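From first to last, the protein sequence lines stand for chains A and Z.
For the first sequence, position 138 matches number 138 in our numbering, and the numbering has no gaps at all.
Adding 1000 to a residue's 1-based position in the second sequence gives its number in our numbering.
In case anyone wonders, no lab produced these hints; they're calculated from the structure.
Hints may contain errors.
[Stated by the list, open to error] In the BS3-like style, the derived pairs of lysine-lysine whose C-alpha atoms are separated by at most 27 angstroms in a straight line are:
1) Lys1153(Z) x Lys59(A)
2) Lys113(A) x Lys1059(Z)
3) Lys1110(Z) x Lys1059(Z)
4) Lys1113(Z) x Lys153(A)
5) Lys113(A) x Lys59(A)
6) Lys1110(Z) x Lys110(A)
7) Lys1113(Z) x Lys1059(Z)
8) Lys1059(Z) x Lys153(A)
9) Lys59(A) x Lys74(A)
10) Lys110(A) x Lys74(A)
11) Lys1074(Z) x Lys1059(Z)
12) Lys153(A) x Lys1074(Z)
Nothing here was measured: the structure is a model prediction, and the numbers come from that model.
2 protein chains.
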Amino acid sequence: MQLFFRYNRIVREQWYRWCEEVPPEELLRERTGGVGSILRTLFHVVDVEWSWIRVLQGKPDFEESFEDYASLEKVRELDRLFRPDVEDFVSRWEDSMETRVLYNDTPDGKVEKHAWGEVMRHVIAHEIHHMGQLSVWSRELGRAPVSANAIRKGLIEPAEPPRS
Amino acid sequence: MQLFFRYNRIVREQWYRWCEEVPPEELLRERTGGVGSILRTLFHVVDVEWSWIRVLQGKPDFEESFEDYASLEKVRELDRLFRPDVEDFVSRWEDSMETRVLYNDTPDGKVEKHAWGEVMRHVIAHEIHHMGQLSVWSRELGRAPVSANAIRKGLIEPAEPPRS
Chain A
1 MQLFFRYNRI VREQWYRWCE EVPPEELLRE RTGGVGSILR TLFHVVDVEW
51 SWIRVLQGKP DFEESFEDYA SLEKVRELDR LFRPDVEDFV SRWEDSMETR
101 VLYNDTPDGK VEKHAWGEVM RHVIAHEIHH MGQLSVWSRE LGRAPVSANA
151 IRKGLIEPAE PPRS
Chain Z
1001 MQLFFRYNRI VREQWYRWCE EVPPEELLRE RTGGVGSILR TLFHVVDVEW
1051 SWIRVLQGKP DFEESFEDYA SLEKVRELDR LFRPDVEDFV SRWEDSMETR
1101 VLYNDTPDGK VEKHAWGEVM RHVIAHEIHH MGQLSVWSRE LGRAPVSANA
1151 IRKGLIEPAE PPRS
């Protein structure tokens, strides 16, 4: 699981660098699908990751709106602010947490039960899914998207077989 | 890791059902980004998943072209054909396979080394990424996309805390 957080971190950083080459108005332009713009997507990914991890810890989550973070630098700054909490929580993950129950209030007044392990996979898949949306918008802008490859990122060092 | 294969299987089946409601010409229409059409994306996901698992096993991978599978029914049939191999391989996964090395010939004549664990994460992220692309195209068609949520799919049964 930690491995996918490292993957997402690498890919997200590469999207930030991709954004540096794109005019700010294109990053903010409303687009079809997802949460509606490139920068809002990155903000949303940062927000959702941190918020779920806060909720698991019984702490208040992030409630601010994108309008206060509508520049690449502000989104990256927010990300840098949240990052230690996320990395700390992920690095302390243990198998026993997989089935731990989260009771979560939904907007319609119900209480849902989620296993912590599901919530963490939700955070992982959520980011990969949204990066897929960015890749379409990237092509619409005539630009090559960031690669979604999980190979060639040095995530696991392959073990050499013993020489005979 | 098995958990993400189950997640992808559920989401993929939901996209197939989504496709049933969409005119075939829309499924085949060329679009911007990814591999270029909705059905070609689903074909590509099925192809790539099976092919990597075949490569790990030292078996020939899938070399046929989309043109021979350009209908929803044919893609689903191919998926059904490959599915037992994929599920069998995934269900036999062991920790010791994580760092096992794959030597893989690239089109430009080089040989790459990948850890098996990386390859499996690659297959997982690859599918989630492409489903993100489908979600944009879905909105372009004025349709709600399949949910990418990993919560609410029954992937892990939460353990009730002991009553005090």
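Results of checking the hints against the structure:
{"no.": "1", "hint": "Lys1153(Z) x Lys59(A)", "in the structure": "holds, 25 angstroms"}
{"no.": "2", "hint": "Lys113(A) x Lys1059(Z)", "in the structure": "violated, 43 angstroms"}
{"no.": "3", "hint": "Lys1110(Z) x Lys1059(Z)", "in the structure": "holds, 19 angstroms"}
{"no.": "4", "hint": "Lys1113(Z) x Lys153(A)", "in the structure": "holds, 12 angstroms"}
{"no.": "5", "hint": "Lys113(A) x Lys59(A)", "in the structure": "holds, 17 angstroms"}
{"no.": "6", "hint": "Lys1110(Z) x Lys110(A)", "in the structure": "violated, 56 angstroms"}
{"no.": "7", "hint": "Lys1113(Z) x Lys1059(Z)", "in the structure": "holds, 17 angstroms"}
{"no.": "8", "hint": "Lys1059(Z) x Lys153(A)", "in the structure": "holds, 25 angstroms"}
{"no.": "9", "hint": "Lys59(A) x Lys74(A)", "in the structure": "holds, 23 angstroms"}
{"no.": "10", "hint": "Lys110(A) x Lys74(A)", "in the structure": "violated, 34 angstroms"}
{"no.": "11", "hint": "Lys1074(Z) x Lys1059(Z)", "in the structure": "holds, 23 angstroms"}
{"no.": "12", "hint": "Lys153(A) x Lys1074(Z)", "in the structure": "violated, 34 angstroms"}
Going through the hint list in order, the structure does not satisfy hints 2, 6, 10 and 12.
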